[in-house]
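Residue numbers (the working numbering), protein chains in the order written: chain A, 1 to 221; chain B, 1001 to 1099.
I should point out that these hints are in silico values taken from the structure, not numbers from a laboratory. Fair warning: this is a prediction, and the values are worked out from it, not measured in the lab. Wrong hints could be hidden among the right ones.
[Said to hold, decoys possible] Derived lysine to any residue pairs resembling SDA-like cross-links, with alpha carbons at most 20 Å apart:
1) A:K185 with A:D104
2) A:K191 with B:R1016
3) A:K191 with B:R1082
4) A:K191 with A:V41
5) A:K191 with A:R38
6) A:K188 with A:R109
7) A:K185 with A:H169
8) A:K191 with B:S1015
9) A:K185 with A:R111
[Claimed, not checked] One side only, chain A facing chain B, incomplete, derived with CB under 8 Å:
10) A49
11) M57
12) A60
13) I63
14) G64
15) V68
Using N, Cα and C, we set each Cβ at its ideal position, and we do this for glycine too.
One letter stands for each residue in the lines below.
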Amino acid sequence: MTMARSSAARRLDDAAPAIERRRPGFGGGDLPPVVPNRAVVSNASLAVAMFIAAEVMFFAGLIGAFLVFRLGSPVWPPPFQPRLPLGVTGVNTLVLLLSAVTMDASVRRMRAGAVREALRALSLTAILGGAFLLIQGYEWFRLIHFGLTVSSSVYGGLFYTLIGFHAAHVLGALVWLFAVLAHAKRGKLSKTRHASLATCRMYWTFVVALWPVLYVLVYLN
Amino acid sequence: MMRLCAGYRMTGGGSRAFVAASEAWVFLALRAPAVFACAVCVTGGAGDPSADAYGWSVLFLMAAPYAVAGSVAAWLIYRYRRAALEDRAPEQAEPAGVK
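The whole structure should be built from the sequences, with the hints applied where relevant.
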C-alpha cells in the first residue's frame, strides 16, 4: 500500500514533493538538510505556455499573409467593398479588455480564498466573452448582407480568415471557461488547488491580448 | 561492386540502381525549362509595393519565433525571480505550483 502511494504519478498541478534528506558529514555530524527546489511553474502552466506559443506562430503566419496583401495594395480597403464598422468594434474591444480584468480578478479572489467572489467574477467574464461573440456575429451578419463574403475578394477572404480564427479561439476559450466554472461549482477549486483556473486565465489573456493587434491591423489600417 | 567511399561498398543491384537514378537526374536536369530563382520573386524592380510587402512579411515572420521564445523565457525568469523573493518571505508566499 505504501509502495503504491509512493509510486503514484503526480497530478499536473501538484508541486514537487519536498523531501528533506540528511547526508552524513565528513568526520561525523550532519550537513545542512538537502531540500530540492520547488517548482515555480506547474506542468499545466508550462504546457499551456507552449500551446500559446504555437498559437502565436499560427496567427503570425496569418498576419504575415495579411501584410503581403495589405502592403502590396496601393489602395486599401479595395474600392467597391463595404467599410468595416469601427465604432461598434471599438466598443466590442473594450468589452473584451474588460473581460480580461474580470478574469484576473477571479484568479486574485481565488488566491485570497474568496471562492464565491471568484466564481462571480468568472461568470462575469463568461458573460462579457459571450457578448463579444454575439456583437461580432451581428457585425458579420451585416457585412455579409452588404456583400462582403469570404469569396467576394481578397479583402473579404483576409478579413474572415483573421477575424474568424480569432472568434473561433474566443469560442474555444469560452468553452474552457465554462468547463472551469462547472468544475468550480462542484467545489473542486480552492485557494490552494486552482490550476485549471490559472491556465484558463493564461489562455483567456492570450485571446484578449491578440484582439487589439488584429483590430489595429484589420480595422484601423 | 563499386566502391563509393572508404568503408562502404554497394552491392551489384544497389550500384545499378544508383547509376540509373543518377542518369535520370542528369537527364531531367538538362531537360528542365528555365525556372524562377525564388518562389516569392514576383517582381524584380526595387521599390515595387509587392516586393516591399513580401520583404516586410518575411522580416515579420523571421522575427516572430524569436519574440515568442523570448517572451516564454522572460516569463520563466520572472517566475523564478518571484519564487526566490517568496522564499525570502515565506509567510507571504502563495502555494507552489498553482500558477
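Hint-by-hint comparison with the structure:
no., hint, result
1, A:K185 with A:D104, "holds (19 Å)"
2, A:K191 with B:R1016, "violated (72 Å)"
3, A:K191 with B:R1082, "holds (19 Å)"
4, A:K191 with A:V41, "holds (17 Å)"
5, A:K191 with A:R38, "holds (18 Å)"
6, A:K188 with A:R109, "holds (15 Å)"
7, A:K185 with A:H169, "violated (24 Å)"
8, A:K191 with B:S1015, "violated (70 Å)"
9, A:K185 with A:R111, "holds (16 Å)"
10, A49, "holds (6 Å)"
11, M57, "holds (6 Å)"
12, A60, "holds (4 Å)"
13, I63, "holds (7 Å)"
14, G64, "holds (5 Å)"
15, V68, "holds (5 Å)"
This entry does not satisfy hints 2, 7, 8, going by the numbered hints stated previously.
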